[in-house]
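Asker: Protein chains in written order, with this note's numbering: chain A, 1 to 329; chain B, 1001 to 1329.
If you are wondering where the hints come from, they were derived from the structure by calculation, not from laboratory data. All of these numbers come straight from a predicted model, not from anything done at the bench. Possibly wrong hints are sitting among the right ones.
Unchecked claim - Taking lysine-lysine and the DSS-like style, the derived pairs with C-alpha atoms no more than 27 Å apart in a straight line are:
1) A/Lys49 - B/Lys1200
2) B/Lys1179 - B/Lys1127
3) B/Lys1159 - A/Lys163
4) B/Lys1215 - A/Lys252
5) A/Lys57 - B/Lys1057
6) B/Lys1321 - A/Lys252
7) B/Lys1159 - B/Lys1321
2 protein chains.
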Amino acid sequence: MKSHPIRFPLAFVLLAGVLATGFCDILPSWNDTNAKREIVAFVERTTSKDSPDYLAKEDRIAVFDNDGTLICEKPLYIQFAHALDRIKELAPSNPGWKNTEPFSAVLDGRLDGNGLAHENQHRDFAKLVWAVSENQASGDSASTAVAWLDRAENPVLKKPYAKTVYRPMRELLDYLRSKGFTTYIVSGGGSEFIRVYSRKLYGIPSGQVVGSQAKMAFEERNGRFEVVLQGEPEFFTNGPAKPFAIVRNIGKRPALAFGNSDGDLEMLQWTTTGPGPSLGLLLHHDDAEREFAYDRESTVGRLDKALDEAAKRNWRVVSMKSDWKQVFE
Amino acid sequence: MKSHPIRFPLAFVLLAGVLATGFCDILPSWNDTNAKREIVAFVERTTSKDSPDYLAKEDRIAVFDNDGTLICEKPLYIQFAHALDRIKELAPSNPGWKNTEPFSAVLDGRLDGNGLAHENQHRDFAKLVWAVSENQASGDSASTAVAWLDRAENPVLKKPYAKTVYRPMRELLDYLRSKGFTTYIVSGGGSEFIRVYSRKLYGIPSGQVVGSQAKMAFEERNGRFEVVLQGEPEFFTNGPAKPFAIVRNIGKRPALAFGNSDGDLEMLQWTTTGPGPSLGLLLHHDDAEREFAYDRESTVGRLDKALDEAAKRNWRVVSMKSDWKQVFE
């Protein structure tokens, strides 16, 4: 005890806090492994008044990637799957699509999202994603997506997309919020699309969704002014654009960042090299039985550079297989 | 009573709510005029469960312009005044400025912000504003601004800038929040600069400040990753860019918008032509005795088109002279 004169009382206080809450009641879908222990210890030491790592509430910023971190992204990002269906629905009123790539590829079945085999398919899908909300007023694009999310199914897991949220992550969001953290989504996906379901599925309000955004125009339509979405992106929130978007929308370096792919690398680098306490987390999809197993070679959610960096920077790699008791609701 | 069979009980409920709180305790720095009555009535009817205009908490979005709406903007926007002082401070380490406009104009006193006489001075000031945070890490630029705000004085009002917040507006922000509204600043000023004081002066956290933003770069500096501000804007949140920024950062059409100049026109148009209940407000600077009197001809905070539009669209024009009992703290 002599060598840690300050740390022992603190450890006791933190432990007492955890015991009071009940360690087993916290994050019940997580196994009692180092991942859960590290998360709980981080939350305790940043929220206990006597801790040297105590953070004021306004500094308890936690950012989460969406696809592959909060919800299943395989075999295809949900927004891509939605775009495929919408292109078919909208085709009758867009006769030109029959002869225009990549729309024609969707309509005659060459592009079906059955695995994003090539990098250029990402570009094709991006085009489709922005095209389906083109000329819609902001807010209106939500109505069609709501209905679609209730009926469309993940083709491999055979359950509605709304049921492919990771239960351990939903628990983590709730736990963080119960401890005074503000939880944000920082995603390459379109804000407008994620906002359709973020409150219902994650308890995250629209103002805490930081995603990609279409170019916009301001128009009067039938006596009502509208922000009209254009068919191309203003920005794509991936890689370094994630920290940029956090500066723009949140204005603070986060204390906790959770991602699952190389697109989250810079967000984790920025979060974990700040002056205060921080925790970087990466979800590793290593559970072919309950979900999917993929990392360095995947065209969706590739996790390669960030996995190397995790070892160097002591980011916690969360194993879906070993650290999660249950994957879905 | 026969002709309003539903409205009378409702009016009674709303009135009871106001009486219970105490009408005089609400917004004490406001005179008991139509402006205050309209604001209180709007808040009551959007937050009383039995009202047909009831808004769920997540839809109680209130957006406020900053300069000239929450804080005095005359004789010069505070961020412009700050940039003038910083240019002088930074001049020794930027010898090239002596021979480069508009920096040289500041250094030899030709540009002192004593009234923005010409439109092109706006462009000059914009250059200065972005230049003073160039190459600084996001967050670091705050430290110099904090110290400056505590000592620098408004040259006409002869009081520190921090004391030029409008007390009736601070009361309105508090009142709205006490009724479940989320209050946002949507300003042409730089987010980074406003965030320095938004919590302290307005009770508004950094994530609810929606302002102009510098271009950014991602760099590793001494083992720490940083978002580094570039010397030019990525976007300027004025005019139609205000609704765009609201879509981007908040993702909902506001229920209440409060501005004071033509730069707020589109924000008010968008807010007040949505499908739900809404309130548009414009602060009219008509009080030369206690503050300033300016509108259609002013180069700072020009209020011209929006004043015409207010009459057409039933926006409430708040007279500083008649509607405010007290202007400053």
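Asker: Each of the hints needs a verdict: does it hold here or not?
Answerer: Evaluation of the provided hints:
Restraint check for A/Lys49 and B/Lys1200: satisfied, since their Cα atoms lie roughly 22 Å apart, inside the 27 Å limit. A C-alpha spacing of about 40 Å is found between B/Lys1179 and B/Lys1127, which places the hinted pair above 27 Å, so the restraint is violated. A threshold of 27 Å between alpha carbons decides the hint, and for B/Lys1159 with A/Lys163 the separation of about 58 Å lies outside it, so the pair is violated. Between B/Lys1215 and A/Lys252 the alpha-carbon distance is near 16 Å, which keeps this suggested pair within the 27 Å criterion.
As the CA atoms of A/Lys57 and B/Lys1057 are separated by approximately 21 Å, the hinted pair is consistent with the 27 Å bound. The suggested pairing of B/Lys1321 with A/Lys252 is violated, with an alpha-carbon distance near 38 Å, which exceeds 27 Å. Taking the CA atoms of B/Lys1159 and B/Lys1321, the gap is about 20 Å. The hint holds against a cut of 27 Å.
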